[in-house]
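Single-letter residue listing:
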Amino acid sequence: MDTFTDRTWLWFAATLYLTGFVLGTVALLRDRRHSRAWMYLLITAGFIIQTVGLSLRGKALQGCPITNIFELFQFTAWSATSLYLVIGPTFRLSLLGYFTACLSASLTFVSLVMPAWDAVRRMKIPGGSPWIEFHAALAMFSYGVFALLALTSIMYLLQVFSLQRRHLRGFFSFLPSVVDLDHISYRLLCAGVVLMSAALSVGYVHWIHDRESVPFYKILITGSIWATYSVALVLRWRGILITKRLAWTCIALFGAALISLGPINASRNKTPTTPAAPTASQP
Amino acid sequence: MSDPSTPTLFTLGASHHTTPIELREKLALTADKMALFCTRLNQLAGLREYAVLNTCNRVEFYGYATSAETVENLQREFCAFQGFSDAEFSAIRQHALDRDAIQHLLEVSAGLDSQMLGETEILGQVKDAYAAAQSRHSVGPVLNRVFQKTFQYAKHVRTHTAITEGQISVANVAVDLATKIFGNLANAHILLLGAGEIGDKTAKAFQSRGARSLTVASRRLERAQELAATFNAAALPFEQWPTQLAHSDIVVCSTAAPETVVTAKAILNAMKKRPARPLFLIDLALPRDVDPAAAEGENVFLYNLDDLAKIAEENLAARTTEMIRAREILTEKANLLWSQISKNAPAANRLNAPT
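If you read the protein sequences in the order shown, they are chains A and B. FYI, the numbering for the first sequence is 8 to 290, going by our numbering. FYI, the numbering for the second sequence is 9 to 363, going by our numbering.
Bear in mind the hints are in silico, worked out from the structure with no lab data behind them. Here a beta-carbon is modelled for each residue, glycine too, at the ideal position from N, C-alpha and C. One or more hints might be untrue.
As the list claims (entries may be wrong) - Below 30 Å or equal to it, Euclidean Cα-Cα: the simulated BS3-like pairs (lysine-lysine) are:
| no. | chain 1 | residue 1 | chain 2 | residue 2 |
| --- | --- | --- | --- | --- |
| 1 | A | 66 | A | 225 |
| 2 | A | 251 | B | 351 |
| 3 | B | 281 | A | 251 |
| 4 | B | 41 | A | 251 |
| 5 | A | 251 | B | 280 |
| 6 | B | 281 | B | 157 |
As the list claims (entries may be wrong) - Under 8 Å between C-beta atoms, here's a sample of chain B residues computed to sit facing chain A:
| no. | residue |
| --- | --- |
| 7 | 64 |
| 8 | 187 |
| 9 | 188 |
| 10 | 189 |
| 11 | 191 |
| 12 | 208 |
| 13 | 283 |
| 14 | 284 |
| 15 | 286 |
| 16 | 309 |
| 17 | 312 |
| 18 | 314 |
| 19 | 324 |
Claimed, not checked - Simulated restraints on C-beta separations:
| no. | chain 1 | residue 1 | chain 2 | residue 2 | range |
| --- | --- | --- | --- | --- | --- |
| 20 | A | 267 | B | 336 | 53 to 59 Å |
| 21 | A | 42 | B | 135 | 48 to 54 Å |
| 22 | A | 173 | B | 266 | 40 to 46 Å |
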């Protein structure tokens, strides 16, 4: 079917994420613990379908689908979800699936309902090097890690709030422990910084050979985000930036990282672009 | 009403609802007495099947007899065995037949009839009672079915209602809060300031939930050593507790000191040495042992006796609300089970139809 485009798949995926979020909310409102297995299943199904949608895009682009704001949001949601699917069963953090479904549903739906974000698509890899694409994909994956870090930070703040204000029943009773959330946040922060460092290293190798290809403000923005996360990691390691201050920092930094996608994307619009046309699953 | 001449499913006994502890002590069956009494019950005419639930809060007989008359004989036999007045027992006894007997067993097993509403230990005790009855071959097709379905329904109620959610004793509320902070308590170090009864109970609650590392500090060192020996813990002279503060994750305070023992400054100093690790202060003393200003510290969680009691009360209120739902479910299940049993009973032993 020609009408079954990549966007159709992405709509299906967004709907599955939203279903997970809605079912989780209903269970929580009824003071019940939602089934972790069902949540995992819904998110897995959403992830698989989103992978199909993004693969179709990638196939049409002959590269990683991170060429406009729409795709950047989709890829961030995809990265966060894939990470959840790996760490979710390992750490068995209650409600992490629910929050992941909420984040993925938000990012995917927002990107889908903003036609302007997907109006223009670049058809060539900037600089013509697959390493640059690897750099961009790795950087976006680190954004996915930071997205999950923002979620665990929100959960941490909610748990601390519940313990300090003695609101222990209902939704709050299902949150993971403070120490567990702190540990997972620390690990995510480490993983995010390592991934972003690797991404920037790859980008740097390309940049020193072709300094004109990347505008200064893009280097400034991505460098600032990397540096701030790195400083946060060092301060956490030294026991200076901890607890609520660390959680707020991680949330604010992820907000800044999301906002930075606009200017970063704009910086790449020097490269050839084409009006976006939906990519059919079957030609 | 059951016809007194037809086979009857029954429950007979006394529980905390009607019987004060002094009388329950007299009615309780020790292991030796239980064995002896069961040999007598085996010979009781008309008693086809039986099981005995004997806990600190109740002594109850569940049985299947040829007539209601047998139940009265069982009571007389029991009172004679225990040297208890039959008339006095009649005044405190809880007695139900057929569908109501099933309903009673279901409510007991699901914790609805317990002193601590929704407690789960009782289900294990009912299982033990059934296992003991099986081993002495005193249960048959009727009670086998009743007990097996009871376990299934009790589990169903626990899963589908919030009857067991939220702790309702101060010690267990404290442990629950600790798990919200630390998750697994196996790696948490607990410092006990004061070796009184409430500290003892709280330490027991922590140990039952996996806490392994415990230090007891008391003004009476011998008392601290005594309590520490119970928990395989370390004892400390009271004046040395500040040295342990920075190494402790949970501090349980229950001293009889008239003034503040744990100052905000002491907490602040301890937290400087362990800023990333939370500190949970449980102040069970009156007057309070911990300076309330300590709660201002980052990563410090302070709960006093009032806070814990309030949470326990809220949890109990929530369980009480859930009890209505749980009882509705069990009534439905009791009706179903009773209709199945009364239909399936052999014609000669036909049980009474539901009334």
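Hint check, residue 191 of chain B versus chain A [nearest Cβ-Cβ separation less than 8 Å]:
holds (4 Å)
Just to be careful, I want the Cα atoms of residue 281 of chain B and residue 251 of chain A compared with a cutoff of 30 Å; is the pair within it?
holds (18 Å)
If you draw a straight line from the CA of residue 41 of chain B to the CA of residue 251 of chain A, is it 30 Å or shorter?
violated (61 Å)
Does the alpha-carbon distance linking residue 251 of chain A and residue 280 of chain B stay inside the 30 Å limit?
Since the Cα atoms of residue 251 of chain A and residue 280 of chain B sit roughly 16 Å apart, the hinted pair holds (cutoff 30 Å).
Proposed proximity, residue 351 of chain B with residue 251 of chain A (alpha carbon, max 30 Å)
violated (64 Å)
Does the CB of residue 208 of chain B sit less than 8 Å away from some CB of chain A?
violated (25 Å)
Quick check on residue 283 of chain B please, does its C-beta sit within 8 Å of some C-beta on chain A?
holds (5 Å)
Between the beta carbons of residue 173 of chain A and residue 266 of chain B, is the distance compatible with 40 to 46 Å?
violated (27 Å)
Given residue 188 of chain B was flagged as interface, is its beta-carbon under 8 Å from a beta-carbon of chain A?
At about 6 Å, which falls below the 8 Å cut-off, the nearest Cβ of chain A leaves the hint on residue 188 of chain B intact, so it holds.
Per the CB criterion, is residue 187 of chain B less than 8 Å away from chain A?
With a minimum Cβ separation of about 6 Å from chain A (threshold 8 Å), the hint on residue 187 of chain B holds.
Holds or violated: residue 312 of chain B as interface residue toward chain A, Cβ cutoff 8 Å?
Because about 11 Å separates residue 312 of chain B from the closest Cβ in chain A, which is outside the 8 Å limit, the hint is violated.
Would the stated hint for residue 309 of chain B survive a check requiring a Cβ distance to chain A of less than 8 Å?
Nearest chain A Cβ about 5 Å off; hint holds.
Figure legend: structure checked against the earlier numbered hints; hints not met, in rising order: 2, 4, 6, 7, 12, 17, 18, 19, 21, 22.
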